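Peer 1: Residue-level listing of the chains:
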Amino acid sequence: MRIRTWIVRIWPLVPILAALLFTIGLLVLFGADPVEVFQAMWQGAFGTQDKTLSVVAFTIPLLLSSLGLLLTFTAGLWNIGIEGQIVMGAVAASWVALFMDATSPVLIAVEVILAMLAGALWAGVAGILKTRGGVHEIFGGLALNSLAIIFTNYLISGPWQPPEGGSFFGTVPFREISQLSRFADSRFAPFSLLVAMVALVMVFVALRGTTWGLKLKALGQNPRSAFLLGVSSERETILAMMFCGALAGLAGAVRVLSWYDNLKQNISGGIGYLALLVVMLAAYRTLWVPLIAFFFSAVLNGAITLQLRTQLHSSLGGILTGVMVLFVLLFGSSKALGIGKSSEDEALEPDTSEIES
Amino acid sequence: MVVAVGGQKDSPLLIITSMLATTIAVATPLTLGALSGIFCERAGVVNIGIEGMMLGAAFFGWLAAIYMNTIFDVAPLPSLLVGVLFAMLSGGLFALLHAVLSITYKVDQIIGGTVINILAVGITGFLNRQLFFEKGSIFGGQVPHAPGVLPRLQIPFLVDIPVLGRIFDQQPLTIAAILLVIISHYVIFYTPWGLRMRAVGEHPRAADTVGINVSFTRYANVIIGGMLAGLGGAYFTLESVPSFEPLMTNGRGFISLAAMIFGNWTPFGAWAASLVFGAAQALQINLQFYRELIPDQWAILQNSYVVGLAPYILTMLILTGIIGKTTPPAADGIPYEK
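From first to last, the protein sequence lines stand for chains A and B.
The first sequence begins at 0 in numbering that gives the first Met the number 0 and counts up one residue at a time.
The second sequence begins at 0 in numbering that gives the first Met the number 0 and counts up one residue at a time.
These are computed hints drawn from the structure, not numbers from a lab.
None of these values were measured; they are calculated from a predicted model.
Note that CB positions come from ideal geometry on N, CA and C, so glycine has one too.
Treat the hints with caution; some may be incorrect.
[As the list claims (entries may be wrong)] Calculated cross-link-like contacts (lysine-lysine; reagent style BS3-like; alpha-carbon spacing at most 30 Å):
id, chain 1, residue 1, chain 2, residue 2
1, B, LYS337, B, LYS105
2, A, LYS50, A, LYS263
3, B, LYS105, A, LYS216
4, A, LYS216, B, LYS337
[Stated by the list, open to error] Some residues of chain B that are not near chain A, with every Cβ distance over 12 Å (derived):
id, residue
5, VAL158
6, LEU163
7, THR190
8, THR265
9, LEU274
10, GLU291
Go ahead and model the full structure; you've got the sequences and the hints to work with.
Peer 2: The following block contains the structure:
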């Protein structure tokens, strides 16, 4: 009995160890020294103050998107369209940053609000397509992602092209006053951390302590009984999508206003898909989300320097995170991690019974 | 996919036949992806990992072809055929992973598919860099000469038809895709195999009761589906262009899922839908040839981005049921437990 509880305790570590072993195997296969590689990754993530700040700065939009996804997952929705919502938020913020004349605080306030609105509206479209059109949010979301990306490319290569006709890759850099002020020449803007913390507290409270959170849970766990209890699935579905979209839009704004300083192709950099993995690894537990987002950010940023030191390409970071999730899926029993499903009826809903610290 | 217009540059008929030929060719990965989805979902397993399976297959097929051609000194055509084989094999392996996750471990099938998509991007990106571009790699830091692309198969007699003959001048995977549509239709609706597949997708318990091995049937069909997706992946690097680029499938796997739904989970329906999406893509590719034919009040259609939006808007209209109503298999996405 005691051995069993002990095994249950350490079980969540097993997939992480397995992923590490797999990656070490891959490194050995390519003739690299694993110790050197992990040292290089550590140096790349935390070697200097600037690098550590980059890790934090990359974490923030990832955390915001993951928090949004917690809401939609709780309501049993697969908001894979989050990628497009991030892009639309970035586009809205860029529009203000490029064309509005005002003082810096006003500009930033308008940028943030419009970015959230744009993300929320884009998510709302997916929500309405689901409730009114019967389009599964995955397919609606994927189509909306493509639309958002094509729209960005159109803006960059058309109306928002730099005047010198120059690059196909982005707009002109925004004016200093329209960007978030950064800490010590890094990519990290303290204001964005504040916003992310507020969002974290709000999502935590909304899911733990409000009727709305309870309604979302009911909807996610058992739509039929939620309906019988008088929860409007249409209203809650669209609301959950729109709040998630607002947070994703905010993430997009942070990407253009602090991580970069202009609107680029591929502005989201796959953060939306990464956020899906963060939430899965956190097993839908709110307070685990920031830790895992930070861990992913450290691995991915650490991998960038890897290339300079060891001639291993930075996509190794992507493999490491992907394999980790894969092993969590394979090893994680549904009891220990709340991911795998056992009941036939609940097959398509994420398990939310373990939303706790 | 450059269209040779030749001397009769302005003949609208020639533009139209060229466009049709392009449509049929670019619909190939969509058709194969949709067939892949049909095999998986008819057996009750949702597969949104088709995008990743295609990308992985595009890379490994291309890699195998290059290995055969440069390291083992095999002639280009056999190298390419080995490449196609490896593409199907790697598609099948990715599908095996999806099957283990979703059938044996009963992991949520959407998560399984998403992980496959993300892993495929990471693995192909990493290996592409590591094998070809880094110093000390197998190909010494430079991209080797690829053995080209699969040759065109001019269908006898049909290619000799004036003007229209151009449509029948296609490459092997395109023709294979069309044949596979017909074969799949026969297998799914007229063989015991197809009956078992549909039974476990509609009502696994009933199928189990009459002695059908639900697990085996699902495994087999998901792997067949993966191999079809792999063949679709081969189109990108062995038939369309002789090179690999990261992320080159560019959402085509997802569009093929929409084609599957639009086609109501039937091979011929999915093929028709793929042709519609292919046509939108062909319009975008060939915009330069007909731009001046567009009247000025429709000037917005002269922008290739606007034309590029068409397939996605079409997808949504189809999905909302504005154009026709579709029904998925009843047990689609639900793990079976005895």
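Peer 1: Determine for every hint whether it applies to the structure shown.
Peer 2: Evaluation of the provided hints:
1. LYS337/B with LYS105/B: holds, 13 Å
2. LYS50/A with LYS263/A: holds, 22 Å
3. LYS105/B with LYS216/A: Between LYS105/B and LYS216/A the Cα gap is close to 22 Å, so the pair holds against 30 Å.
4. LYS216/A with LYS337/B: holds, 28 Å
5. VAL158: holds, 35 Å
6. LEU163: holds, 33 Å
7. THR190: holds, 28 Å
8. THR265: THR265/B is indeed farther than 12 Å from all Cβ atoms of chain A, at 18 Å.
9. LEU274: holds, 19 Å
10. GLU291: holds, 20 Å
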